[in-house]
Amino acid sequence: VDFNPNQSSLSLEGDDIESFEKVMQHISYLNSRQFPTPGIRHLRVSTTVKCFNEETCISVPDSEGYVMVLQPEEPKISLSGIDHFARGAVEFESTEGVTLFPELRIVSTITREVE
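UniProt numbering puts the sequence shown at residues 1 to 115.
Among the hints, erroneous ones may be present.
[Unchecked claim] Straight-line Cα separation of at most 25 Å, DMTMM-like style, residue types lysine to aspartate or glutamate; simulated pairs:
id, residue 1, residue 2
1, Lys50, Asp16
2, Lys50, Asp62
3, Lys50, Glu103
4, Lys50, Glu21
5, Lys50, Asp15
6, Lys50, Glu73
7, Lys50, Glu13
8, Lys50, Glu74
9, Lys22, Asp83
10, Lys76, Glu103
11, Lys22, Asp62
12, Lys22, Asp2
Keep in mind the hints are simulated off the structure, nothing from the lab.
Full structure from sequences and hints, please.
Structure, rendered in structure tokens:
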């Protein structure tokens, strides 16, 4: 198994189909960006067969496909707590000040459909 320097091409060499099947089943797409750009990532599998001591050698057509990176779900951010703030004037004059958001709760959720 060999990769080119930017890891956009993979070369395999072997003697039997089962070895290739096993390796191909473990190839995966990894996007290194935290927030990948949505869209199609094209891929092509090209095969070259070298036959030794045989006059007839087979050719294998290319196989093409793609990986679709979907638009991420927008997070839903909700704030909750008291909706009014009334305190006596003396509390505002203290050296410690007044806690403005004593019951504030912030929740961020992303809803995803499970297949």
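Results for each hint:
With a CA separation close to 12 Å, the supplied pair lysine 50 and aspartate 16 stays within the 25 Å bound. Restraint check for lysine 50 and aspartate 62: the C-alpha separation of about 16 Å stays at or below 25 Å, so the hint holds. At most 25 Å may separate the alpha-carbon atoms for a hinted pair to count; lysine 50 and glutamate 103 exceed this at roughly 72 Å. Of the pairs offered as hints, the one joining lysine 50 and glutamate 21 holds, with about 17 Å between alpha carbons and a cut-off of 25 Å not exceeded.
Among the hinted pairs, lysine 50 with aspartate 15 is consistent with the structure: their alpha-carbon atoms are about 10 Å apart, no more than 25 Å. Proximity of lysine 50 to glutamate 73 is assessed by CA-CA distance (about 47 Å); at most 25 Å being required, the pair is judged violated. Straight-line distance between C-alpha atoms of lysine 50 and glutamate 13 comes to about 10 Å, which keeps the hinted pair within the 25 Å bound. Taking the CA atoms of lysine 50 and glutamate 74, the gap is near 50 Å; set against the 25 Å cutoff, the hint is violated.
Note on lysine 22 and aspartate 83: the hinted pairing is violated, with a Cα-Cα distance of about 60 Å set against a maximum of 25 Å. Restraint check for lysine 76 and glutamate 103: satisfied, since their Cα atoms lie roughly 20 Å apart, inside the 25 Å limit. Among the hinted pairs, lysine 22 with aspartate 62 is consistent with the structure: their alpha-carbon atoms are about 19 Å apart, no more than 25 Å. Straight-line distance between C-alpha atoms of lysine 22 and aspartate 2 comes to about 16 Å, which keeps the hinted pair within the 25 Å bound.
Consistency note: the structure conflicts with the earlier hints numbered 3, 6, 8 and 9.
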